[in-house]
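Visitor: Chains A and B supply the protein sequences, listed in that same order.
Residues are numbered in the numbering used here as their position in the first sequence, beginning at 1, plus a constant of 1.
Residues are numbered in the numbering used here as their position in the second sequence, beginning at 1, plus a constant of 29.
Among the hints, erroneous ones may be present.
Some chain A residues judged to face chain B by a derived CB distance under 7 Å, without partners named [as the list claims (entries may be wrong)]:
| hint | residue |
| --- | --- |
| 1 | Pro44 |
| 2 | Gly57 |
| 3 | Phe61 |
| 4 | Pro62 |
| 5 | Phe65 |
| 6 | Leu91 |
| 7 | Pro105 |
Some chain A residues close to chain B (C-beta under 7 Å, calculated; not the full set) [what the hints assert, rightly or not]:
| hint | residue |
| --- | --- |
| 8 | Gln42 |
| 9 | Gly43 |
| 10 | Phe46 |
| 11 | Phe103 |
| 12 | Gly104 |
| 13 | Gly106 |
Since the hints were made in silico from the structure, they are not lab data.
Small disclaimer: the values here were computed from a predicted structure and weren't measured.
The C-beta atom is built at its ideal place from N, Cα and C for all residues, glycine as well.
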Amino acid sequence: ETGVTQSPTHLIKTRGQQVTLRCSSQSGHNTVSWYQQALGQGPQFIFQYYREEENGRGNFPPRFSGLQFPNYSSELNVNALELDDSALYLCASSLDRNEQFFGPGTRLTVL
Amino acid sequence: AQSVTQPDIHITVSEGASLELRCNYSYGATPYLFWYVQSPGQGLQLLLKYFSGDTLVQGIKGFEAEFKRSQSSFNLRKPSVHWSDAAEYFCAVAPGMDSSYKLIFGSGTRLLVRP
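Between the sequences and the hints, there should be enough to build the whole structure, so can you do that?
Guide: Set out below in structure tokens:
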């Protein structure tokens with residue numbers, strides 16, 4: 002059974018650019034949640050996708066958007082990057098919105 | 030608004046000593062409660078969870094936690110710490126009736142283990 006994987010591992014962007022982060026959910030899972038973890042902080046909920054539909058969103062601006070594909074993998078897109086977007090982005094998958102299993106994260110640095 | 034407080038930023042214990050990490054939450058009803066561990070460069074691993082029933086829950090790696098409704102607390106304990114337990118620990122809550130099951134995390138407690 003393959004766990005949650007995320008790509009890329011690390012990414013460096015400059016202010017104003019756009020970025021796409023990817024997540025492959027654990028086999029059999031149909032729900033993906035995304036979290037942002039700033040340095041020294043706990044993760045913050047960005048949004049969740051359940052069966053390809055957004056199912057709950059945290060306090061993040063619209064320039065944070067996402068997709069979930071028919072195979073339940075997911076993308077997180079961030080437009081107009083700001084310095085404060087520098088963080089570890091964590092993806093978690095679950096079955097029917099139950100216990101979440103986290104991936105290793107993507108470390109995004111915005112210069 | 031729901032929130033989670035972990036009052037200890039760092040805790041240092043000697044190997045073999047007991048451990049208690051504190052967690053307090055703010056939520057109107059009984060939430061779902063979790064403890065996660067994060068090693069450097071890693072994602073989060075679930076140690077244990079509480080939904081209902083017995084207020085003392087057992088988790089992996091010898092950890093346990095006790096839900097105390099009167100104190101709005103869910104403290105994590107381990108009777109004898111091993112050097113491999115050094116990591117960051119996060120307490121989290123999820124509103125029980127919210128189908129999005131979003132997790133609200135505390136700011137974490139970093140555990141250091143002295144040899």
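Visitor: Next, verify each hint and record whether it holds.
Guide: Verification of the supplied hints:
no.: 1; hint: Pro44; in the structure: holds (5 Å)
no.: 2; hint: Gly57; in the structure: holds (3 Å)
no.: 3; hint: Phe61; in the structure: violated (12 Å)
no.: 4; hint: Pro62; in the structure: violated (17 Å)
no.: 5; hint: Phe65; in the structure: violated (14 Å)
no.: 6; hint: Leu91; in the structure: holds (6 Å)
no.: 7; hint: Pro105; in the structure: holds (5 Å)
no.: 8; hint: Gln42; in the structure: holds (6 Å)
no.: 9; hint: Gly43; in the structure: holds (3 Å)
no.: 10; hint: Phe46; in the structure: holds (4 Å)
no.: 11; hint: Phe103; in the structure: holds (4 Å)
no.: 12; hint: Gly104; in the structure: holds (5 Å)
no.: 13; hint: Gly106; in the structure: holds (6 Å)
In this structure, the hints that do not hold are numbers 3, 4, 5, in rising order.
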